[in-house]
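Each protein sequence line maps, in turn, to chains C and Y. Here the first sequence is numbered in UniProt numbering, starting from 1 and rising by one per residue. Here the second sequence is numbered in UniProt numbering, starting from 1 and rising by one per residue.
No lab work stands behind these hints: they were computed from the structure. Glycine included, every Cβ here is placed at the ideal spot set by N, Cα and C. Be a bit skeptical, because a hint or two may be false.
What the hints assert, rightly or not - Computed list of lysine to any residue pairs in SDA-like fashion (alpha-carbon distance at most 25 angstroms, straight line): (1) C:Lys352 / C:Lys218; (2) C:Lys218 / Y:Ile316; (3) C:Lys96 / Y:Glu165; (4) C:Lys89 / Y:Leu185; (5) C:Lys69 / Y:Val299; (6) C:Lys96 / Y:Ala135; (7) C:Lys92 / Y:Leu52.
What the hints assert, rightly or not - Label-pair restraints from in silico Cβ distances: (8) Y:Tyr279 / C:Gln211: 53 to 61 angstroms; (9) Y:Ile316 / C:Thr28: 44 to 52 angstroms; (10) Y:Thr168 / C:Lys96: 52 to 60 angstroms; (11) C:Glu203 / Y:Asn98: 30 to 38 angstroms; (12) Y:Tyr279 / C:Lys341: 43 to 51 angstroms; (13) Y:Tyr13 / C:Glu73: 56 to 64 angstroms; (14) C:Glu73 / Y:Ile37: 56 to 64 angstroms; (15) C:Lys96 / Y:Phe172: 20 to 28 angstroms; (16) Y:Ile316 / C:Asn62: 16 to 24 angstroms; (17) C:Asp118 / Y:Asn197: 22 to 30 angstroms; (18) C:Gln211 / Y:Leu42: 57 to 65 angstroms; (19) C:Asp118 / Y:Asn98: 19 to 27 angstroms.
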Amino acid sequence: MSKRWFRNICIMLVMAAFSAGTALAAGTVSVGHLTDFTGPTGGVGAHYGPGVIDALNYANANGGVNGKKIEFETVDYSYKADRAVATYKKWKSGLKPIVIQGWGTADTEALVRFIARDKVTYISASYSGHLTDPEGKSPRSKNKAPYNFFYGPSYSDGCRGLVQWAAEDWKAKGGEGKPKFTHMGDNHPYPNAPKDACGAYAEELGFEIMQPIVYSMKPADTKAQCLTLKDSGSNYAFLGNTSGSNISLIKSCDTVGVETQFLANIWGWDENGINAAQAAGDGVAWVVGGTPWKAGASDNKVMKAISDMSAKSADEYRGLHYVRGVCSTMFMVDAMKMADKAGELNGPGIKKAMESMQSYVPEGLEGVCLPSTWTSEDHRGTTLVSVYKSEFNGGDFKMNKQTTVEVPRRPEWLGW
Amino acid sequence: MSLGSSMRPCGDYRTTYASDMTIFATPVTRYITLAFIALLFLVPFVGSPYVLNLMIQIGYYGIAALGLNLVVGFTGQISLGHSAFFGFGAFASAWLSNSFGVPVFFAIPLAGVLTMLVGLLVGIPAGRIKGLYLAIATLASQFILEDFFARAGWFTGGSAGAMTEYLTIFGFSFDTDQSYYYVVLIYVVLIFTFTSNLIRSRDGRALVAVRDHYLSAEIMGINLTWYRVMSFGLSALYAGIGGALFGHYLGFVSAEGFTIILSIQFLAMIIIGGLGSIYGTILGTIFMVLLPELMEWSVNLFSGSYPDLVQSLAYIKEMAIGLAIILFLIFEPEGLAHRWQRIKAYWKLYPFSY
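Same shape as in the complex, but just chain Y (with noise of 0.2 angstroms):
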């Protein structure tokens, strides 16, 4: 694997600390990055409705899966009750926001801090247990919390669901595509630039030496049980957010949609896109948003000829799921982020690739 993680050009030479650590390998990886973000403030004027909802639900799932990617891809914890903690985030905005009056625009981060503190109380046992007994202690706090929302009716109006407001500025409401879209856009580029800076602090390089080695990160002084914990706090805060920022995109929030089954699709998206990768969450959000959408639009293909095809839809998009990951877990172990810096070098060392 000579073509590893590093794109760093042959004579660019390291001299400080500083240039170590900068988030782009290069000033043209900068300039393509803000260019790309530009463009995508451009896309309401020109995407169809449907391609909005779709970036939009992009944005809100890449925001929790990013959560889910520091525990799992960075830390090294298992989670397996990501779906609750995003649930609890779109039950919160709802609930401050109804009850309470508290403007959307501010409920959406205090969500997100309620779910955090939810997130902390599940990681407690973080601190003690590892492996496949952690993942049955998270399994645990979905279920838990799965049930708490179809009963807790002052909080999430029971079976019935919670209605949202819309996001209201100074009399401007976000109720379209359109204008949620930048809404959604503006959460991803700070999250997402909060975290990759996260990353390269010293927290950030504390996560990531609990996960390769514990054992020697203990040794060097790193406080194990608080990093744990934390990592969990941190990913449910990603989680609330996400999940407020959908309740509020919906316009209702219903108690049986945070099942075992998203949260095994958030692990599915940071699997394929690829764990401990940032811009691999991306890439794996928008292949599992995606993935139904193209098994719907294939079945549709065929339906004039096999009319039945389409009555086992729902069957045929649960099973492309599933088959995804094995593929990738067979394929590409280390997700669409790998793939896509093969695809990088393979590009910018044609035609001598050695």
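The following block holds chain C by itself, in its conformation from the complex (with noise of 0.2 angstroms):
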């Protein structure tokens, strides 16, 4: 029995070799695809790829990139940079693609000067200020990030915003003094991406800024955590983690008391974070990068045939993060479009494509996507905020927009 399961082994994995080198066929143009249902980040990644994977799905099933099929691989990473890198590597023997579907901020920051050297443009789940910069001529950026493109306001502008925000809600609320800013995230660069840019202008802005609180982006219990930000008697508190990792932040702080108001990132806050967290959770502030599925979403007719592509049910509920992802690769396949009307189906034609986009929104998804403008010296699609807050309501939850902040585009911003 032993002989034969040895040989059964011998003959998979020869045949595993042979499969590998398999050949695309003519007409179509490759796209990676990377994200997470399995990492830290899987809570949000579960509704971002999705997303992702619909509305490539729908653009093959409508036409494709002027007819040619958009061939995409999909993988879960687990949030583990190396391993994007790996396969990055990995598509570049085989897959070959022209542009990629990103995920992580650790991943794609590791990532600008492999896509920068190989021309591939990248268009990323991470929205960390310091993919902004393709030129890197800011005095603040590490380095260039020519091919590196994002949907939505930055990390670091989203985070602008919601203090811009709250220095506006400490003037209505009548406080005195300055009030307290707390900086809150794991120690990874996703939270961190948006920590001292945020704090300079939070200091600019009259907040006094406290001691960053570490907490993890593994769900956890956090008491420990919470009941420092009490002590520091924190007015205001930045949430850098993803809404897995918030929702037991935020039951934790409402076990020990914490009356801090907390401003969330992009993906920190969402509807299963608003569902788990129940009364804690009410009037958490943060940053929506879309119209909500509820409030308009699910009745633009585009967005509704990309949802259907995989909707178990005919009036199928769909999260903020689907909504994104559907935005980003909707952006993406009108640049691929573009750039094969220019006769430049590849990395650098996708660019110039994105770059040529004025307040452009992807056809069809108006009154849904954020418009967004790239321009060849600055990546920041756009500097405006939507601030929104979540009310409890007794159970019969509401996300409500409080106002839609301009940060200003200052230059030396750039890739910071």
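The task is to assemble the complex, starting from two chains supplied on their own in separate frames and drawing on the hints.
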């Protein structure tokens, strides 16, 4: 028995080796898709990833890129930056994508140098401010990121918008003296990305900056951190993690009686969070990067058709992150179409097409996706920050739009 | 078990110590091994990049796994912190080349030496404690180093990780899989040859004696503390070189890549391959590197009829590793090396295996 078992393994290995080098059919265009379903950010990845996949399937069902089929491969890399780089290297010799839908900050920032060398356009779900300077001219830039794009306000601008809102909120509440501001997040490139940039702006707006507090991106009990926050007497705290760990943080903080107003990153709060945190999550302010499903997204014909690609029921509800996944992908598909028309369906061609977009909204998604502008010198697609607040409302949750803050587009903030 | 470890042909009596200690039992095995290595040098001319990528992975993991086998398989200690050494080597090499401009050619062995120093430090408790207590001590080193990677910005670039340069010699850059394959292959051949010889030496036999019966070994005049700590140092040296090769291959080293999971995978490699077997280490590494690829491939095969399988791929991958270890412990506790010998013996003695 054992011999046959050994032989079977050998045969399978040989077949695996042969099947690896399959060629792509003509008239197709390759797209890589990195996602996280199983890692620490899987909670939001489980919404965003299907948005990307549905949008790509929708594009293929509607003529692809001017008739060319989009051949895409989805890889769940569990939020491990080195796995993402390894996947990229594997793609370089197999799939050969000309554009990639990426995911996290650590891996996107690690890949900046690779994609710039290989001229592959990269649209990330990381909105790190470090990815916004294509020419590396800004003194704040660590390095230039010519082929990186993302949809929405950068993490830094998102946090600046929240701080700007908080300053108004402090005045409106009649607060006296300097309000105290705390940055909270894991020691990881993603929560760290807006830390200094946002802190500097908060200080400029008259906040007192407290010691940052570290809590894990993996949901865990965080009462110790909450006690630190309580002792600091912070009035406003920015949550840099994704919603999964924010739920446990907000619940822990509710337990120890923290009164701080939480401000959450674009990935930091969503329907899941509201539902899971119950009354403890009442009044969290956060950044929303697209129209919520019930506030109009579901009425959009294209969005509904994309959702129906995988919807299990006719009135399937789609989360905030799903909508952004779709928007990000449809910007890319439109850029691919433009590049194809210009006869340059390759990395540089798509980059050029993205950089030609002026207050652009993907075809048919008007009113759902944020109008975005990229130029060859500035990859901050938008600096308009929509601030929402969640309301417990006795269990019938609401997402209330507070305001749209326009964060100044200062040149020295490029790449920061 | 008449088909033991000795494959010595009938009538081949050893008359000198030298012939008793030869690496290759017969000239034929020597020629076959040399021919096989020569064949390996030809792989880049025919292999696809995918195959090369897998072989490079087998190379650097194999080197590190061999280091672990020295500690666990040959010296009989336990280490749950091997991936931290692997990571330390990767960061050390990146640090040396990025911060001091040390050429990568020298940075890789130097990183091995730096890692060895760390390994000697971690090995010190091994001089006094054994078994489960040692396991916990090495586990502690794993977590200490992991935390160090995430915070020591000057050394690792902190949580953002470190970029690495490509290996360049006289202006030639080893930046493709084809060229880097040779770098890894040469390191593999050198290190495996060195280890085969080490095991034949007094020091090597002392390690085995410590494993088999430490009390007897001590009575025979073997310094237990010295050899236990040395085995940790050596294993860290190998892990450091393996890690440095990994870092310069990938071009990027992340603080998150060297978790306890990787340590356990290293243990799985040597358990599946065969504890205390040098070529078993490589067999186990091949198994562990190909297992996820095989899972992915077979899942894709069925994905047409069961689309949900692709979503669960990640879970299946992790589960398969655990399942493989359990199955090996039950059905082949002596590893692939033993299985390979059984197969060789079967054909050699065919059809009269008794």
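So which of the earlier hints does this model not fit?
1, 6, 9, 10, 12, 14, 16 and 17
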